[in-house]
Amino acid sequence: MNFRREQTKDYYLLDTDVENIFINEYMASAPGDYVKVYLFALMYANLGEEMENETIAKQLGLQEEDVLKAWTYWESMGVISKCRKNADDKFNYEVEFINLKELLYGKTPKKKKKPVDDSTKAVMADKNIQSMFRSIERVVGRVISGAEMMEILSWINDFNASPEVIVYGYSYCASKEKKNIRYVAAVVKGWVSEGLSDVLAVEEYLKERDQRHYLYKRVLKALGFDRNPTEEEKKIMNRWFDDMNYTIDKVLEACGKTSGISNPNINYVNKVLLNWYEEKTGTVGGKPKPVSVSTVLKYYSYLRNKEEEEADAHKRDLYEKIPRLREVEEEMNSCRMKMSKVIISDRIDKQAEIKRLQDTVDSLSRERAVLLTDNDFELDYLDVHYKCKICKDTGTNDEGERCECFNLRTKEAELWQKNLTTE
31 MNFRREQTKD
41 YYLLDTDVEN
51 IFINEYMASA
61 PGDYVKVYLF
71 ALMYANLGEE
81 MENETIAKQL
91 GLQEEDVLKA
101 WTYWESMGVI
111 SKCRKNADDK
121 FNYEVEFINL
131 KELLYGKTPK
141 KKKKPVDDST
151 KAVMADKNIQ
161 SMFRSIERVV
171 GRVISGAEMM
181 EILSWINDFN
191 ASPEVIVYGY
201 SYCASKEKKN
211 IRYVAAVVKG
221 WVSEGLSDVL
231 AVEEYLKERD
241 QRHYLYKRVL
251 KALGFDRNPT
261 EEEKKIMNRW
271 FDDMNYTIDK
281 VLEACGKTSG
291 ISNPNINYVN
301 KVLLNWYEEK
311 TGTVGGKPKP
321 VSVSTVLKYY
331 SYLRNKEEEE
341 ADAHKRDLYE
351 KIPRLREVEE
361 EMNSCRMKMS
371 KVIISDRIDK
381 QAEIKRLQDT
391 VDSLSRERAV
401 LLTDNDFELD
411 YLDVHYKCKI
421 CKDTGTNDEG
431 ERCECFNLRT
441 KEAELWQKNL
451 TTE
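Heads up, the sequence shown is in this note's numbering, so the first residue is 31 and it goes up one at a time.
Bear in mind the hints are in silico, worked out from the structure with no lab data behind them. Where is the CB? At the ideal position from N, CA and C, for every residue including glycine. Mixed in with the good hints there might be a few duds.
[Said to hold, decoys possible] Here are the computed distance ranges between Cβ atoms for each label pair: (1) 80 <-> 413: 38 to 44 Å; (2) 80 <-> 444: 27 to 33 Å; (3) 367 <-> 409: 46 to 52 Å; (4) 379 <-> 341: 54 to 60 Å; (5) 201 <-> 367: 17 to 23 Å; (6) 306 <-> 340: 35 to 41 Å.
[What the hints assert, rightly or not] Taking lysine-lysine pairs in the DSBU-like style, the calculated list, with each CA pair at most 30 Å apart, reads: (7) 265 <-> 351; (8) 310 <-> 280; (9) 208 <-> 88; (10) 368 <-> 351; (11) 368 <-> 380; (12) 265 <-> 422; (13) 209 <-> 422; (14) 336 <-> 419.
Work out the full structure, taking the sequences as your base and the hints as a guide.
Rendered as structure tokens:
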């Protein structure tokens with residue numbers, strides 16, 4: 031006679047064993063969200079079911095990056111290990127829960143002495159990392175905790191954020207009186223996802239975004255609103271400035287048309303500007319419809335691509351003929367990058383180092399000129415030769431206005447468009 035017991039199919043009627051060592055030694059000092067991630071994933075590990083980080087985040091009401099941070103934290107504490115199939119892929123790994131009783135009393139006692147792994151210790155010993163933490167403490171005006179340090183390190187490991195960008199992120203958030211680590215994390219991750227790898231790139235990004243925000247506020251103020259724009263309003267206004275190429279003065283002129291209506295709003299202004307745009311690009315006096323602004327901008331883009339491709343071809347040709355030229359230009363670029371980092375650093379010898387790097391760039395520049403002229407090439411042979419030196423074939427000058435070459439490029443764009451349609 032055989033015996034068998036009915037298996038429970040409802041997971042929620044089963045139990046998950048949690049080691050007391052975890053509760054007593056690790057849970058009490060861990061961030062609450064990290065504990066939630068550990069326990070939730072442990073339940074599915076005991077069931078032998080697969081579970082993605084994205085699903086865990088949705089089930090627990092967290093962001094997916096919080097789940098990634100949790101695994102980095104628990105790995106540093108020695109209670110899980112990340113099993114990677116590819117050492118170069120930081121995000122593709124399986125989580126293995128370590129038996130804590132065996133860790134402390136079993137066959138692997140060495141791990142008991144390593145609550146923080148060697149790689150983390152090495153990172154913490156790095157002078158740049160230590161300098162980063164000191165800078166952050168000066169910004170926030172307090173000593174940062176070990177848990178906060180581990181989370182900051184996870185931004186470097188998981189998001190590839192540089193220490194300089196992280197420090198700048200704290201300073202930026204502090205200027206807005208937002209010192210909460212979650213807020214800072216969201217800001218830093220946003221910058222990195224935009225491809226901003228250094229402080230200079232972040233500053234340019236913020237400058238551009240702040241300029242657009244200023245335009246939004248000007249328009250809303252003209253309509254009598256003292257608030258930030260909605261996402262839909264931003265999209266509408268972006269079309270005015272980007273697609274229709276209106277200046278702020280022209281948009282404010284359209285806003286003035288709302289003085290005769292009882293309820294001024296963005297949609298009304300949008301209709302006014304749309305009518306003006308259609309009149310401008312439509313048929314006038316029986317003449318053929320002129321080329322649209324969007325086509326002219328595409329022609330500008332075509333010119334830039336053509337000119338830049340030609341410059342790249344020149345470089346490839348000369349680098350093959352004069353190998354030293356490539357080395358010189360790469361050394362110059364390297365020196366300029368180092369100079370940018372020195373400028374934003376707290377080095378005592380900042381001015382001396384900047385001068386040393388600039389002298390090196392000047393010396394390399396002279397060598398570059400000799401290499402070109404000795405081989406019968408003009409000094410600007412490797413430069414991009416734009417049709418218009420004022421706007422560099424963008425159609426917009428430094429003041430944000432249409433360049434004086436726009437009318438000429440419009441006539442050229444008509445021929446360009448005809449050639450495209452006949453090909």
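Hint by hint, here is what the structure shows:
1. 80 <-> 413: 38 to 44 Å: violated, 55 Å
2. 80 <-> 444: 27 to 33 Å: Because 59 Å falls outside the window, the suggested range is violated.
3. 367 <-> 409: 46 to 52 Å: For residue 409 against residue 367, whose Cβ atoms are near 23 Å apart, the range 46 to 52 Å is violated.
4. 379 <-> 341: 54 to 60 Å: Taking Cβ atoms as reference, residue 379 and residue 341 lie about 37 Å apart, which means the hint is violated.
5. 201 <-> 367: 17 to 23 Å: holds, 21 Å
6. 306 <-> 340: 35 to 41 Å: holds, 38 Å
7. 265 <-> 351: Violated, at roughly 50 Å.
8. 310 <-> 280: The hint holds at about 13 Å.
9. 208 <-> 88: Holds. Residue 208 to residue 88 sits at ~26 Å (cutoff 30 Å).
10. 368 <-> 351: Given that 30 Å is the threshold and the Cα spacing comes to 28 Å, the pair holds.
11. 368 <-> 380: The hint holds at about 11 Å.
12. 265 <-> 422: holds, 27 Å
13. 209 <-> 422: violated, 41 Å
14. 336 <-> 419: Judged against 30 Å, a Cα distance of about 15 Å means the pair holds.
Of the hints listed earlier, those the structure fails to meet are numbers 1, 2, 3, 4, 7, 13, in rising order.
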